[in-house]
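Engineer: The primary structure of each chain is shown beneath.
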Amino acid sequence: MTENIETNMQTLAQPAAASAAGEKRDFVSWIGTGSLLLITFLFAFPVVWAALTSLKSTASVIATRYPLSFWSFFPPQPTLENYASLFNELKFGQYIMNTAIASGGQVALVVLTSTLAGYAFARLRFPGRDLIFGLTLLTAFIPLEVILVPLYQVVSGLGLTSTYPALFLPFAAQPFGIYLMRQTFAQIPRELDDAARVDGAGTWRIFFRVALPNVKPALATLVLIQFIWSWNAYLWPLVIMQDPNKQIVQVMLAGLKSSPNYSLDGPLFAGLTFVTVPLIVTAIVLQRYYVRGLMTSGIR
Amino acid sequence: MAEHYKMAKAGKGGISRRSVLLGGASLLAAASILPSRAFAAGPGTNPGKYKIDLGGYTGPELTDAPITIKVMRQEFSPEINAPIEAAYTAFKEAYPNITIEEERVPYGDLAKKVQLYVASGSAPDIMMGSTELASVYAAGEIAVPLNDYFSADFIQDIYPAMRDAATIDGKVMCLAWESNSCFVYFNRDIFKRAGVETPPEVTDVDGGWTADQLLDAMRAITEKLRKEGDQTTFGMASSRFGNRGPGSNYSQLEGMWVRMMGDPNAPKDSTLFKTFAGISEDGLTASGYLDTPEAIQGMKNYQAMFNEGLTPKGVVVDHYKSGAAAIDFSSMAFANTFRKSGAPFEWGVSPPIRGNIPFASSVADAPFIYSGSQYIPEAAALLAFLLNDTNRRAFYDVRGSMPSRKSLTDESPAYKTDPVAILCANVGERAFGSPKSVGWLDYVNAVNPAVKDIALGVDVEERLHSTAAQIDRLLAKYR
Chain A
12 MTENIETNMQ TLAQPAAASA AGEKRDFVSW IGTGSLLLIT FLFAFPVVWA ALTSLKSTAS
72 VIATRYPLSF WSFFPPQPTL ENYASLFNEL KFGQYIMNTA IASGGQVALV VLTSTLAGYA
132 FARLRFPGRD LIFGLTLLTA FIPLEVILVP LYQVVSGLGL TSTYPALFLP FAAQPFGIYL
192 MRQTFAQIPR ELDDAARVDG AGTWRIFFRV ALPNVKPALA TLVLIQFIWS WNAYLWPLVI
252 MQDPNKQIVQ VMLAGLKSSP NYSLDGPLFA GLTFVTVPLI VTAIVLQRYY VRGLMTSGIR
Chain B
55 MAEHYKMAKA GKGGISRRSV LLGGASLLAA ASILPSRAFA AGPGTNPGKY KIDLGGYTGP
115 ELTDAPITIK VMRQEFSPEI NAPIEAAYTA FKEAYPNITI EEERVPYGDL AKKVQLYVAS
175 GSAPDIMMGS TELASVYAAG EIAVPLNDYF SADFIQDIYP AMRDAATIDG KVMCLAWESN
235 SCFVYFNRDI FKRAGVETPP EVTDVDGGWT ADQLLDAMRA ITEKLRKEGD QTTFGMASSR
295 FGNRGPGSNY SQLEGMWVRM MGDPNAPKDS TLFKTFAGIS EDGLTASGYL DTPEAIQGMK
355 NYQAMFNEGL TPKGVVVDHY KSGAAAIDFS SMAFANTFRK SGAPFEWGVS PPIRGNIPFA
415 SSVADAPFIY SGSQYIPEAA ALLAFLLNDT NRRAFYDVRG SMPSRKSLTD ESPAYKTDPV
475 AILCANVGER AFGSPKSVGW LDYVNAVNPA VKDIALGVDV EERLHSTAAQ IDRLLAKYR
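The listed protein sequences correspond, in order, to chains A and B. The first sequence runs 12 to 311 under the working numbering. The second sequence runs 55 to 533 under the working numbering.
For the record, the hints were derived by calculation from the structure and aren't laboratory data. Positions of the beta carbon are idealized from the N, C-alpha and C atoms, including for glycine. Possibly wrong hints are sitting among the right ones.
As the list claims (entries may be wrong) - Listed next, the stretches of chain B that the computed footprint assigns to chain A, with coverage defined by at least 3 CB atoms under 8 Å from CB atoms of chain A: (1) 158-165; (2) 169-175; (3) 365-378; (4) 395-402.
Please work from the sequences and hints to get the whole structure.
Structural biologist: What follows is the structure in structure tokens.
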């Protein structure tokens with residue numbers, strides 16, 4: 012009887028405990044969601060603010076910037092004149108095109124070298140393989156600033172100054188990309204290679220027909236990361252691209268703030284907004300693969 | 055009619071053969087004199103000597119061989135770039151064998167690029183530098199002394215402060231591009247709201263406020279505004295120089311608080327002179343110069359603005375232009391911006407602040423010719439062309455800055471009638487260059503953080519002593 016009562020009480024108590032646990036879970040979940048929203052807001056805020064500010068005239072940007080008020084963020088009289096000025100007077104389209112060429116060239120080259128090198132390091136056996144791989148990784152720790160002068164001398168000596176290849180050739184081999192692809196290729200079962208070899212496939216055929224189709228998520232990750240990196244590059248293009256007509260958009264935008272007393276704040280914000288669009292679009296398109304790529308490559 | 059004919063024939067009241075001949079001869083003489091009078095070769099023009107007006111250039115005629123001259127300068131907005139590009143076009147029409155390649159970089163990256171190019175041994179023929187780095191150019195033999203390629207008149211025409219700053223051991227290392235000497239701008243509306251008297255609106259450089267008067271006025275303004283509940287308007291604007299905020303630009307801005315406490319005319323062994331000098335005569339010792347009692351007092355005045363909340367410790371972008379600060383320091387820039395785009399408040403100008411002397415910096419962007427250039431005469435000629443009267447007028451018209459050459463301000467009506475322009479010219483005349491040192495970059499790299507620390511509240515005396523000692527150590531490598 013006593014046991015029954017206890018059992019009944021336990022039975023009665025279970026929903027209450029479950030409810031309490033559920034509430035606790037809800038609370039934790041709510042805190043988690045709230046934190047994520049807050050972080051998202053913090054990251055998105057500069058972009059949204061720049062986009063809204065790009066709809067103000069330069070005079071309005073200066074007049075409403077300080078002290079902070081509602082109008083510091085929202086345009087009192089939205090206008091697209093900054094975008095018109097950007098494209099008509101400041102030849103923004105040309106700079107965007109230059110940047111697209113530089114980024115496209117770099118992404119293509121890095122994907123090519125990273126997949127080939129990554130495959131070789133992961134699947135082929137040759138003397139000194141691990142040592143070379145280790146040395147390759149070490150180059151990731153050398154800042155660009157340290158090698159800027161010799162790099163400039165080499166590229167300049169080759170007569171490549173102010174050419175598009177100069178923007179991406181020195182960065183054709185990226186240690187991160189090689190590492191990412193090596194880790195990914197290493198996870199493909201060797202039995203697939205063996206089966207292909209039994210069918211008469213050589214190394215190149217196995218690379219193109221067997222290995223590459225299995226690393227698409229990692230490739231997408233590489234494309235995304237490399238695109239962001241090259242699209243945002245500043246120091247090297249500043250140094251090597253001396254022809255103003257071939258300069259990239261990031262340097263051009265910095266030039267708009269070149270003379271503080273004659274600032275072009277409106278077009279600057281329009282430009283900043285515009286250059287983030289390709290990054291956002293690429294990230295949205297590739298985000299599914301990006302997550303999978305990082306998960307499967309062992310990089311977390 | 056017949057009467058007139060008779061008189062003419064008799065030589066009375068009419069046109070005789072003799073008068074016609076005399077008149078013709080006079081006209082011919084006048085015609086030969088007039089052009090040389092009307093287009094007299096002043097310091098910035100040399101008509102007829104070369105294929106085009108190469109201004110102050112006195113070097114040999116340029117090569118006929120096809121060559122390329124590279125120029126690097128800061129980026130401007132399109133309307134300011136336009137006259138420079140037009141000048142290139144005109145130069146190329148006269149010398150079609152000379153190709154000009156121009157590189158434009160964001161202003162903040164200019165020094166970085168110059169360093170990189172020089173380090174790599176492959177630099178553009180003409181680069182935009184700064185008068186404050188003239189000692190560095192001379193010591194490193196980076197720049198070509200320009201006295202051999204420019205007339206003495208042309209060099210003499212540059213405002214003395216900018217010319218002296220660019221001259222090392224009698225050699226001119228770079229040519230000031232425009233004047234940026236600062237004076238006081240104030241917001242009349244804020245002064246009115248606070249019931250505080252505005253600073254003197256005079257064109258005499260000696261007629262401005264003292265540092266104490268400035269501090270008292272800002273205290274009064276801040277107290278009144280805070281009592282009204284206004285927590286966002288300040289007496290002094292946040293610095294818009296360099297990276298902005300305190301410690302952003304000792305050369306052009308914060309150094310004035312120290313150097314105004316000195317006196318260039320005091321005996322050389324006095325602390326007054328040393329305070330003004332900022333560094334020993336050989337340019338290698340800061341102790342005893344940067345940390346004199348007068349310098350410490352100057353930096354205490356500077357610190358008071360932050361300690362008492364008269365100016366923000368952080369960065370406020372466009373603080374003065376937004377109408378949220380009573381006072382700021384600027385050259386002609388604000389005046390031209392306000393006149394062009396309209397100001398959101400009533401504004402006025404006053405001479406620079408005074409300590410023992412009124413102090414304004416003469417630091418100016420200044421192009422120089424790279425010593426490794428293969429085409430030095432041609433580079434000098436191109437630079438001279440860019441700096442001739444016509445091209446400079448076109449540049450200043452759109453840029454709105456003050457010319458670096460006196461003959462150009464003298465000929466401009468604005469510098470005779472506009473009080474802001476007159477004050478600007480007077481300040482330019484009386485401004486001072488940076489202390490000359492081969493280690494000037496080390497100096498400012500050490501002193502800028504010290505200024506920031508002082509603004510944030512550290513002990514002024516201790517910080518100036520330790521900074522001076524640090525600079526001594528940094529400069530030891532040049533001994």
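Engineer: Look at each hint and say if it fits the structure.
Structural biologist: Here is what the structure says about each hint:
Closer than 8 Å: that is the beta-carbon criterion, and the region 158-165 of chain B has 6 residues meeting it against chain A, so the requirement of 3 holds. A count of 4 residues in the region 169-175 of chain B with a Cβ less than 8 Å from any Cβ of chain A is obtained; the coverage claim is therefore met, three being the minimum. Counting residues of the region 365-378 of chain B whose beta carbon lies closer than 8 Å to any beta carbon of chain A gives 8, which meets the minimum of three for the stated coverage. Given a C-beta distance limit of less than 8 Å, the hint that chain A covers the region 395-402 of chain B holds, as 3 residues qualify and 3 suffice.
In this structure, every one of the numbered hints holds.
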